[in-house]
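Peer 1: Sequence:
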Amino acid sequence: MSNKPKLWTKNFIGISASNFFLFLAFYILLVTLPSYALNELHTSASQAGLMTTVFLLSAIISRPLAGNWLERAGNKKVLLTALILFAAAAPFYLFPKTTAGFLVIRLLHGIGFGMATTAAGAIVADIIPFSRRGEGMGYFVLSTNMAMVLGPFVGLMTMQQWGAKIMFIISIAVAIGALITGLSVKLPKQEQDEQKVAAAFSVRNLFESSAVPIAIVGGFLAIVYAALLSFVSIYAAQIHLEHVSSLFFVVYAVVLLISRPFTGKWLDLYGPNVISYPCLILFAIGMVVLSQSNGAFTFLLSAGLIGLGWGTLFPTFQTIAIQNAEPRKRGLATATFLSIYDTGIAFGSFLVGIIAAKMEYSSMYFICAFYILIGVGLFYVLHTKRKTTAKAQSRAQEIS
1283 MSNKPKLWTK
1293 NFIGISASNF
1303 FLFLAFYILL
1313 VTLPSYALNE
1323 LHTSASQAGL
1333 MTTVFLLSAI
1343 ISRPLAGNWL
1353 ERAGNKKVLL
1363 TALILFAAAA
1373 PFYLFPKTTA
1383 GFLVIRLLHG
1393 IGFGMATTAA
1403 GAIVADIIPF
1413 SRRGEGMGYF
1423 VLSTNMAMVL
1433 GPFVGLMTMQ
1443 QWGAKIMFII
1453 SIAVAIGALI
1463 TGLSVKLPKQ
1473 EQDEQKVAAA
1483 FSVRNLFESS
1493 AVPIAIVGGF
1503 LAIVYAALLS
1513 FVSIYAAQIH
1523 LEHVSSLFFV
1533 VYAVVLLISR
1543 PFTGKWLDLY
1553 GPNVISYPCL
1563 ILFAIGMVVL
1573 SQSNGAFTFL
1583 LSAGLIGLGW
1593 GTLFPTFQTI
1603 AIQNAEPRKR
1613 GLATATFLSI
1623 YDTGIAFGSF
1633 LVGIIAAKME
1643 YSSMYFICAF
1653 YILIGVGLFY
1663 VLHTKRKTTA
1673 KAQSRAQEIS
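Using this note's numbering, read the sequence shown as starting at 1283 and increasing by one per residue.
Just so you know, the hints here were simulated from the structure itself, not pulled from any lab data.
One thing to keep in mind: the hints can contain errors.
Only pairs whose alpha carbons sit at most 30 angstroms apart, straight line, appear in this in silico DSS-like list of lysine-lysine [as the list claims (entries may be wrong)]: (1) K1547 to K1292; (2) K1468 to K1292; (3) K1359 to K1288; (4) K1468 to K1547; (5) K1447 to K1379; (6) K1468 to K1358; (7) K1547 to K1673.
Please put together the full structure from these sequences, using the hints given.
Peer 2: Structure representation (structure tokens):
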């Protein structure tokens, strides 16, 4: 009989389900609102793009504030407040007839989303047994990956079949689902009490310094992921693979689902270096294969390699960010990591848009592979070398 502490508890399932519904609502609206703005509100392309930009910026700004609040008020209180705000904002999508009205709702929705995802990350870090943290964080992040696959499919299909009103109603139901499943999470009272720290508010308290180095690596590599999110479907159409473009992230998620039981356990057993370096190389190889794709097989093979590479790196980096922080700082560490990561996504979307206007998509993706190799060096300097130096200093102090 195994002596391993239990991972799949009611709390772990509840917080993972809440995270799934949060991101499902996010992805449903992410892929449909720009189209709705162009076709129904008759906005310009730049104004349609603001639907995503305003949401992400409000989420990025709210995360450090939520991380600071987590220390003082406790994880559960922040989570429920954020989920209520997220669910309460969703019905208002049914009413505005102007772009300005939608942008106000996107601002409020983004604040709720940023706070809720920060609190969820902090809660899951607390309830996962320490010896299974890599495995547990991997499964938790898988809930985001599943929403990434299902959300665009549900959003676009609903818009095409039944129109925007039904799509908005579905997004409301999904947001309420996030709230209901979030309510099912019950933190032990002593755990909640320990989290409440009367920390003075300051700019320094908005970020967890121990999480910054690995967050910089994550944000740096997120620029490549932004290039995939923004342009892989357009690239597929350019190389006459429209019929399989929708399967790219399906294959990405399936490979993650199959590999997750192994990669998470290896992270716990052997540490992040053993996992991260091979996955960085796989990520780079996947981008090379994508850049040279001329058929469905190579296109979907690249999705599998990228899923195994980047899909494993993201939860690994988030686990490192949490493990480097003190227990009471895990919420702030989560906020710091996700804020810097989302900044990479937001900046990357802007940057690759400029690059894509200047060169072929295949060339851009080929260059991305070499960019990832720079990321290997960045990971070595900001994580591996720092850890080695810290251990050497610790041993020297023990000897002296």
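Peer 1: Of the hints given before, which are not true for this structure?
Peer 2: none
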